[in-house]
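Line by line, the protein sequences give chains S and X.
Taking the UniProt record's numbering, I'd label the letters of the first sequence as residues 1 to 543.
Taking the UniProt record's numbering, I'd label the letters of the second sequence as residues 1 to 156.
Among these hints, one or two may not hold up.
Stated by the list, open to error - 30 Å max Cα-Cα, derived BS3-like pairs, lysine-lysine:
#	chain 1	residue 1	chain 2	residue 2
1	S	LYS239	S	LYS252
2	S	LYS24	S	LYS171
3	X	LYS113	S	LYS24
4	S	LYS171	S	LYS261
5	X	LYS113	S	LYS303
6	S	LYS81	S	LYS61
7	S	LYS432	S	LYS331
8	S	LYS303	S	LYS107
9	S	LYS24	S	LYS59
10	S	LYS303	S	LYS252
11	S	LYS331	X	LYS50
12	S	LYS14	S	LYS61
13	S	LYS81	S	LYS59
14	X	LYS113	S	LYS107
15	S	LYS24	S	LYS14
16	S	LYS107	S	LYS61
17	S	LYS79	S	LYS61
18	X	LYS113	S	LYS331
19	X	LYS27	S	LYS289
20	S	LYS107	S	LYS59
21	S	LYS432	S	LYS289
22	X	LYS113	X	LYS50
23	X	LYS27	S	LYS177
24	S	LYS289	X	LYS113
25	X	LYS113	S	LYS14
26	S	LYS107	S	LYS252
27	S	LYS289	S	LYS252
As the list claims (entries may be wrong) - Derived, one-sided and incomplete: chain X residues facing chain S with beta-carbon distance under 8 Å:
#	residue
28	GLU20
29	LEU80
30	GLY84
Simulated from the structure, these hints should not be mistaken for laboratory data.
Backbone N, C-alpha and C fix where the C-beta goes; we use that ideal spot for every residue, glycine too.
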Amino acid sequence: MATNNIKLISPDSKLLQYTQIELKDPTDAYLESCFAAIQQNRYTIESNTLVQIGQTNKKSKDHISHALLYGILTDINNKAKCFQDLIALNGTNLSSIIGTLETLIMKNWRRIYDNVRQQLIWFLRETLAANIDGIDRLYYVFLRQINPHEQCLDLCETIIELLLIHPLFLKTYPEMKLLTIYTFLSIFPIYIRRKSQQQQRQIDFIINLTRENIHCLGRDGIRLLIQLGHVREIDAFLKHLSLNTSNDYLPKILSLETEPKYLALPLSFDLERHLQFLLDNCRINSQEKYYFEWFQSQYLNFKQHPDSIYLCSHIIRYVCVVCRNQLNPQKITRWTFISWLLTQLYNYQQTLHQTLISASQTAMNAAAFLSSSSPQLIQINEQIIQCRLAIYYDWFLFDINNLQQMTNEFDTQLNSTIVGYHLLTISYHQAKQMLLFLLYTSENLIVSLKSFLQQNIARLFMELFQRIPILNSQQLLQMFTHDRDTYQRLLITFFSLPMSTTAISPDNDDIMIINDDISPNAAMPATDDEVPSDIMIMSSNTA
Amino acid sequence: MDNDSTPSFVVQLPPPDRFEPTTVVAKLEPNQRQINLLVIVLRIQANPQKTREGHEIHSFKIADRTGSIIFNVWNTTGQLIAIGDILRLQNCITQVFKNELCVKPGRNGIVTKVGEFMMDFNEEPDVSILTASMNTELINYKDRIHSNKRPAQAMS
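Work out the full structure: start from the sequences and follow the hints.
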């Protein structure tokens with residue numbers, strides 16, 4: 001066999017890390033060539049000549065501005081001078097520079113050197129202070145790095161501290177305020193476990209913002225708050241929402257659909273692109289196993305990155321609401337993907353359970369071992385519930401009056417709800433779990449709105465049975481022929497319109513039977529010294 | 001200096017990246033040279049094998065829209081390739097190795113990772129499996145090579 005003579009040299013770069021087989025990023029190459037031109041043209045960063053040239057020669061202005069940007073990112077000693085010159089050259093209009101940074105960060109965040117990241121954050125800080133036009137675009141790409149996949153918990157702290165120092169920014173850009181709230185509510189389940197010194201101040205800041213703006217986020221804002229119900233301040237806020245505000249305040253928030261741009265926030269740029277590609281292009285059987293395996297190894301590697309379980313409900317919500325059905329029958333469907341994702345979660349849950357059981361068998365004190373190791377199991381159980389809620393959330397809030405007389409593909413309400421409907425056809429066991437989930441959650445999610453939520457589900461079932469006759473009520477009820485009580489409850493609650501006004505209130509024993517995988521705190525009865533919450537707390541305290 | 005006496009600032013922009021695949025997987029045959037392909041790595045075909053000289057041969061299944069084939073690459077390059085990578089193969093050759101058609105970097109071959117995940121592909125047909133006609137051609141080719149060598153040996 002001939003000798004292998006491949007030359008392996010990593011591209012030389014001060015901005016990004018490359019392996020020996022990667023190409024240099026075009027933005028990196030461009031910035032470097034602009035900066036190299038300073039020396040090639042025999043100028044120096046320290047002199048004012050560059051600014052003079054840029055001011056008189058428009059063709060060179062863009063190149064010089066990018067050279068100064070490169071100086072900011074790579075030359076700590078001269079960053080202040082470079083920034084000063086950049087402002088002198090461009091004033092507050094840095095749109096071209098911000099566009100370049102957007103591209104650089106969106107495509108390369110993971111391989112940016114740590115020192116360069118620090119410089120990027122320094123640049124963000126300086127441009128916030130200087131009130132540069134279009135700074136919201138740069139802020140947005142930083143915000144998108146805060147998600148359950150990338151995490152970037154240091155960046156969380158930095159961003160909040162920046163916002164505390166520059167409160168005018170969020171007032172100037174109200175859209176950024178809402179995006180910030182949604183981002184931090186998504187990351188809080190991971191972030192609050194960190195327990196840093198400044199954390200309480202930061203949590204209070206976000207919660208204050210949330211209180212003032214929850215009505216603008218829509219129903220998914222409430223969903224994220226429910227997930228954080230174990231946080232004392234959020235629990236108090238939820239109680240306030242349900243008990244102390246006017247009767248239609250909470251229903252109004254729930255009737256507002258959250259815009260897709262918020263649902264994309266917990267997903268990194270790469271994840272969103274790959275997910276869209278997978279759902280648009282993956283062919284059944286021939287490509288499924290490859291794309292799914294790659295997707296899992298990249299984003300859902302639960303064993304190596306346990307926190308990736310927090311990503312699942314956000315992925316599901318995005319797929320249900322933002323993505324559309326493929327008309328091509330050879331391509332995978334959204335429900336196939338979600339069913340696969342749920343299966344991975346269940347498998348991980350089983351693996352964890354088995355591991356704990358076998359470890360407890362060798363432990364001296366098995367009971368103590370199990371109870372101390374169970375937070376992990378509680379977390380995975382919680383996230384499975386969050387995933388189911390993400391699938392069926394719009395079912396509880398389905399509004400038949402808003403339903404347009406158009407095909408399924410074009411109606412946004414039906415677009416998200418048909419995913420849950422088709423999931424009922426995939427497997428018997430899954431369908432049974434989902435129906436029980438719908439029943440229990442409709443009774444306990446928001447107690448004061450129980451009838452409203454149940455009627456919505458009943459109407460949606462009726463609508464779906466007519467439009468997509470792949471299921472009927474008898475098929476679904478047949479799963480519970482061995483359990484007459486649940487059969488009756490389902491029949492009365494969902495499958496016998498017009499609805500009866502009396503609803504069955506299950507006692508605690510029933511809850512234990514039908515919901516063996518719900519976290520123990522979900523059905524906690526109110527104690528005498530505590531105001532009962534109207535909204536079901538769906539997570540337990542894992543501190 | 002420019003004509004208007006303003007000092008100039010000349011930038012040598014990086015050259016544009018031009019790459020065109022010269023062929024596709026489905027058209028690969030034994031003993032071809034200077035092959036350029038754009039492919040995606042489907043899976044690791046076999047565990048890395050060590051040669052007597054201590055080189056490590058990494059074997060992958062790669063594919064494009066027309067089919068799949070085995071890709072053999074040595075040492076560090078093989079260690080850097082992961083499943084799901086989109087690769088640009090330049091100056092590669094095809095070879096029959098262990099009765100399977102495979103592609104590998106040539107003397108000046110270059111393997112470059114240009115992306116991940118987002119490429120359409122077809123695993124079938126698997127071009128590594130030699131057809132009967134290919135086998136016959138290969139045997140004839142080997143016979144020709146051997147018969148060209150014999151007269152030289154006789155003379156010495």
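Worksheet item: Any of the earlier hints contradicted here, and which numbers?
Response: Checked against the structure, the hints that fail are numbers 2, 10, 11, 23, 26, 27, 28, while the rest are satisfied.
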